[in-house]
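The primary structure of each chain is shown beneath.
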Amino acid sequence: MRIPCPFCGSRDSQEFSFLGQAGLKRPDPNAPDAQKQFHDYVHIRDNKAGVTKELWLHANGCRSWITVTRNTLTHEITGSEFASPLTKEAAQ
Amino acid sequence: MSQSHRLAKGGLIDRSKPLSFTFDGKTYKGYAGDTLASALLANDVQLVARSFKYHRPRGILTAGSEEPNALVGLRAGARHEPNVRATVAELYDGLIAQSQNRWPSLAFDLGAVNSLLSPFFAAGFYYKTFMWPASFWEKVYEPLIRRAAGLGKPPVGDDPDIYEKAFAHCDLLVIGAGSAGLAAALAAARSGARVILADEGPMLGGRLLSDKRIIGNQSGLDWVKATEAELVSLPNVRIMPRTTIFGVYDHGVYGALERVNDHVATPPAHEPRQRAYRIYAKRAVLAAGAIERPHVFGNNDRPGVMLGSAMRTYINRYAVVPTKRVAIFTSSDEGYATAHDLIAAGASVQAIIDTRADATISAAHDIPHFKGAKILRTLGNKQVQSVEIELADGSTRILDCDGVAMSNGWNPAVHLTCHQGGRPVWDDKINAFLPGNLPAGLSVAGAAQGHFGLKDTLADGFRLGASAVDDLGFKAPAIAMPDTDPESLAHTPLWRVKTSKGKCFVDFQHDVTDTDIELANREGFRSVEHMKRYTTLGMATDQGKTSNISGLAILGEASGRSMAEVGTTIFRPPYTPVALGALAGHHVHKGFRPTRLTPSHQWAEEQGAVFMETGLWLRAQYFPKTKNESWLDAMIREVEITRSKVGVCDVSTLGKIDLQGKDVGTFLDRVYTGTFSTLPVGKVRYGLMMREDGFVQDDGTTARLSENRWLMTTTTAGAGKVMAHLEFCHQVLWPELDIAFTSVTEQWAQYSIAGPHARDVLKKLVDARHDISNEAFPYMACGAITICNGIPARLFRISFSGELAYEIGVPNRYGDALIRAIMKAGEEFGITPYGLEALSTMRIEKGHVAGGELNGQTTPRDLGLIKMVSQKKDCIGKHMSERPAMLYPDRPIFVGLKPKNPKSKLTGGAHFLDKGAKPSLENDLGHMMSVAYSPMLKSWIGLGIVKRGRERIGDTIRAVDFVRGTEFEVEICDPVFFDPQGERLRG
Ligand SMILES: [Zn+2]
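Keeping their order, the protein sequence lines are chains V and C. For what it's worth, the working numbering labels the leading residue of the first sequence as -6, then goes sequentially. For what it's worth, the working numbering labels the leading residue of the second sequence as 30, then goes sequentially.
Take the hints with a grain of salt, since some may be wrong.
To be verified - Calculated cross-link-like contacts (lysine-lysine; reagent style BS3-like; alpha-carbon spacing at most 27 Å):
id, chain 1, residue 1, chain 2, residue 2
1, C, Lys411, C, Lys311
2, V, Lys41, V, Lys18
3, C, Lys411, V, Lys81
4, V, Lys46, C, Lys311
5, C, Lys750, C, Lys691
6, V, Lys29, C, Lys901
7, C, Lys254, C, Lys400
8, V, Lys18, C, Lys901
9, C, Lys38, C, Lys58
10, C, Lys58, C, Lys182
11, C, Lys934, C, Lys967
12, C, Lys853, V, Lys18
13, C, Lys38, C, Lys182
14, V, Lys18, C, Lys656
15, C, Lys458, C, Lys400
16, V, Lys18, C, Lys750
17, C, Lys38, C, Lys254
18, V, Lys29, C, Lys530
19, V, Lys41, V, Lys29
20, V, Lys81, C, Lys976
21, V, Lys46, C, Lys750
22, C, Lys38, C, Lys241
23, C, Lys896, C, Lys976
24, C, Lys902, V, Lys29
What the hints assert, rightly or not - Taking beta-carbon pairs under 10 Å as the criterion, some of the chain V residues facing chain C (in silico):
id, residue
25, Ala27
26, His36
27, Ile37
28, Arg38
29, Asn40
30, Thr62
31, Glu69
32, Ile70
Calculated directly from the structure, the hints in this document are not laboratory data. Using N, Cα and C, we set each Cβ at its ideal position, and we do this for glycine too.
With the hints as extra help, turn the sequences into a complete structure.
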């Protein structure tokens, strides 16, 4: 598999490590139902068969956390961007 | 007789290079250019193996990598390699090969008795026979199956050869260098695109090496040579012979195995035996050709029975007539080409038995020619002596012969097209499965696409080679199609001879017969996937290259379904077996787990330290004073000296992260359970770090070096994980924080000086202008200093041992000099170096948590560290660590354990039970996490978790270790065994 790193370009997937679903928002710790929200944040995943957004760390590269858009049925990768919105902005 | 079956002339062998080899201890001769199979056949060695289940005599069926029968053990000793296909093993001088799967000898094999037990070995026998009783599995069934299976024996000793991993990039990868592949490579190469042309064999040409053909105004062989010469001359082309593309992976990644030195006895110095490539190709053309199909008839596995195409290969390429009186069994016009070549080679064609009543082709040379006829069985013992044939009118007769050449049409080599989930599609016109949906960027040319004629393979190659690179923006010049000599490929396959007598083999390697498939069908295993697993058809090392399609056809026939309805299983990587050594490459032993050494490693070696691995690091475990001092005695001495005088320990392996920015304090408040933003400059604080799921992942200290600069330490083993975690927290969770950080683990050498004389030693090293008195530099102070006349250093007054202690860090390059300076300065105080054993003992005496306790299953509360969790703020893991189950009063909690008898050698992992309680999950109270012999208490002590442990201080329970077979009574106590008030470290 090849993964396009927005900083380094197309690289072998061996250079990356996988974390899981991207786009999860860490709950507000002061919310009244914070514990329930944190439970879902830590454990509940869509596990979609199809197009997903997932977090990868370019561990043996630039050490960027990136959001990769990948189809779990075909492994087709249609996008990747810096997970940090600030880095994304700066890169543009 | 020497090479009795070798032709006097012809072939692509080098007769000026005779080679000598042995098979089962007997010496034979061959020539350079031979395979082991062709050389054996040249010497009329027909019997080369015994079959897997029934131990039936087997000969050479094919001339390629699809060979199911002729598996041999190659080389001896540590270089021995089992299950080598003799048909692709290139001959070299001194080659040693052994037959497999026989005892005591190939000719007389006791295992052949299995043939008599064949009902016992029918389809599904694994599932039926070896089910019960369960206790028989390990002791009876498994050894029995393993011995009986006998697919070769593993080598003895470590492989002495080296293997490499490599990477290659190209615009177009052409897989297979037969007519289609060469044409594709040529068309693409002329555009200037970067082309890699790979072929599993040592020579380019494919079937053009085996069949005498005409292309344009030259022989097929000359066309191959001319094409190869042009490709070699182009700088943008790389030709990789002896290279199998074994797998297609995502995004244009191809796995390739180059057999760099399999064709010699031992690789030249510094050269690998094999090299595994990842090839990154923007486009690929699969030109893997096709594999001829055998017929399924009685005793079709007897040596002497061979594919017709293979027979032509042996004659034309290797100048060997495999057998001299041959019956042609054909369902295709190609059988007649085989007859032609046999006769040209001086062999006798006993008859052409054509299964097609309506065959229009005529046999030459007055050969007996039977249309609409079949072979019912072969007769003979270790080689065919005759065949019984059934004529169109139903009559039978015996035909004398010593070999059978089968031609039953071809199966396109679609294997690689399946590797990304593609499912082959049945085609009624060519009676074969064609590639289904293809991996992105891959197209299929020639026989692999079911285009079998030479004209078609060339046209496909030129067209697809050009279009692949045109697609990438190159301009491939047009190539005029050369004329080719006429050929006749008409065929109507016969999937099996129903009126056969004797066993009819479908899968030769796994000994699966037509009746096995019928049985599977009768027993309800009608799905092709079920039938495959029940009969093990196609599950051998050849993945059923010669057997799958016949098997599917027989299943279809038995279940009344068409081939399209039956469908097919798909093929997986690797196309042919790949040695694990090749996949590992250099990543073995230390190449897999490199060793990290601290700056003072050499010094520690000089002290005679015994080392142990911690992660990748080598750390001193203890420093024996004499050769015979045990680790326990050494540890006791090191602890006693450190606690009474002074000791020094290398702690350079701890992870160190340099954090800078105005928001570091805020960041640390969020990742640590405690509060750091309030930490004054020049102070250190202990920190506990949770994962978001509420379990502790690491601990360490963080020092505030200046307003906006901090230094975090992590555990040795957790350094990498913590770094990635912090990067996640910063980049994904809180990118708005103004921080930056980097690992500086290897930039700093660090030593802990501990004991009552620690300050005395330090004073001799620290430059005089720095006041390190207890008042000026109290417990938990830190600062930048200089030592030994101006060398920059960092000093931290922190203690893991519970003694008055300092950690002193210097830039890595001063590490070796510093440890020597510390030892010298400490000499007058009786300083000792101490290793991990003493370090660990002292921390257990102090009840500090470490690796055993930070096991990813403990919360701060479990570890008795709830006071470390600030209740005034959120942090990673806080909410999850406070879930009701985590607060459950019965949840085991951290305590100390002291054996009733101080000499009882406690063990980590022992489980706690109440007196008289049966060992069961319900009665389990917790377990021991760390143990040590305490020189201070003169007793073994332990740390662990016990249900309601804090409420049960003073109770006696049992520590039971079933693995090591020990049981001791232990008293639950406070985890701080030594100096509970912490007076020593503040002194
Ligand atoms: Zn990168």
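Hint-by-hint comparison with the structure:
For the given pair, Lys411 (chain C) sits about 51 Å from Lys311 (chain C) by alpha-carbon distance, which is inconsistent with the 27 Å threshold. About 18 Å separates the Cα atoms of Lys41 (chain V) and Lys18 (chain V), which keeps this hinted pair within 27 Å; it holds. Restraint check for Lys411 (chain C) and Lys81 (chain V): the C-alpha separation of about 73 Å exceeds 27 Å, so the hint is violated. A hinted pair counts as satisfied when its Cα atoms are at most 27 Å apart, and Lys46 (chain V) with Lys311 (chain C) qualifies at roughly 25 Å.
For the suggested pair Lys750 (chain C) and Lys691 (chain C), the alpha carbons sit about 24 Å apart, so the restraint of at most 27 Å is met. Annotation: proposed proximity of Lys29 (chain V) to Lys901 (chain C) holds, straight-line Cα distance about 20 Å (limit 27 Å). In summary, the hint linking Lys254 (chain C) to Lys400 (chain C) is not supported, as the alpha carbons are separated by about 40 Å, beyond the 27 Å threshold. With a C-alpha separation of about 22 Å, the suggested pair Lys18 (chain V) and Lys901 (chain C) falls inside the 27 Å cut-off, and the hint holds.
This hinted pair checks out: Lys38 (chain C) and Lys58 (chain C) have alpha carbons roughly 16 Å apart, not beyond 27 Å. Using a Cα cut-off of 27 Å, the hinted pair Lys58 (chain C) and Lys182 (chain C) holds, with the two alpha carbons roughly 26 Å apart. As the CA atoms of Lys934 (chain C) and Lys967 (chain C) are separated by approximately 12 Å, the hinted pair is consistent with the 27 Å bound. Only pairs whose Cα atoms come within 27 Å are accepted, and Lys853 (chain C) paired with Lys18 (chain V) is rejected, the gap being roughly 56 Å.
The hinted pair formed by Lys38 (chain C) and Lys182 (chain C) fails the criterion: a straight-line CA distance of about 38 Å is larger than 27 Å. Among the hinted pairs, Lys18 (chain V) with Lys656 (chain C) is inconsistent with the structure: their alpha-carbon atoms are about 59 Å apart, more than 27 Å. For the proposed pair Lys458 (chain C) and Lys400 (chain C), the alpha carbon gap of about 22 Å is at most 27 Å, so the pair holds. Pair hint Lys18 (chain V) plus Lys750 (chain C) holds up; C-alpha atoms about 22 Å apart against a cutoff of 27 Å.
The straight-line distance between the Cα atoms of Lys38 (chain C) and Lys254 (chain C) is roughly 20 Å, inside the 27 Å bound, and the hint therefore holds. In summary, the hint linking Lys29 (chain V) to Lys530 (chain C) is not supported, as the alpha carbons are separated by about 72 Å, beyond the 27 Å threshold. At most 27 Å may separate the alpha-carbon atoms for a hinted pair to count; Lys41 (chain V) and Lys29 (chain V) meet this at roughly 22 Å. Our distance criterion of 27 Å between C-alpha atoms is broken by Lys81 (chain V) and Lys976 (chain C), whose separation comes to about 50 Å.
At roughly 23 Å between alpha-carbon atoms, Lys46 (chain V) and Lys750 (chain C) fall within 27 Å of each other, so this suggested pair holds. The hinted pair formed by Lys38 (chain C) and Lys241 (chain C) meets the criterion: a straight-line CA distance of about 15 Å does not exceed 27 Å. Annotation: proposed proximity of Lys896 (chain C) to Lys976 (chain C) holds, straight-line Cα distance about 20 Å (limit 27 Å). For the proposed pair Lys902 (chain C) and Lys29 (chain V), the alpha carbon gap of about 18 Å is at most 27 Å, so the pair holds.
At about 5 Å, the closest approach between the beta carbon of Ala27 (chain V) and any beta carbon in chain C falls short of 10 Å, and the interface hint on this residue holds. For His36 (chain V), the interface hint holds, the least distance from its beta-carbon to any beta-carbon of chain C being 8 Å, beneath 10 Å. Violation of the interface hint for Ile37 (chain V) is found here, the shortest Cβ-Cβ separation to chain C being roughly 13 Å, above the 10 Å cut-off. Below 10 Å, beta-carbon pairs count as interface contacts, and Arg38 (chain V) has none with chain C, the closest being about 13 Å; its hint is therefore violated.
With 10 Å as the threshold, the beta carbon of Asn40 (chain V) stays out of range of chain C, its nearest partner Cβ sitting at about 18 Å, so the hint is violated. Annotation: interface hint on Thr62 (chain V) violated; nearest CB of chain C at approximately 14 Å, more than 10 Å. This hint holds: Glu69 (chain V) has a C-beta 8 Å from the nearest C-beta of chain C, less than the 10 Å allowed. Interface hint at Ile70 (chain V): satisfied, since its Cβ lies 7 Å from the closest Cβ of chain C, which is below the 10 Å cut-off.
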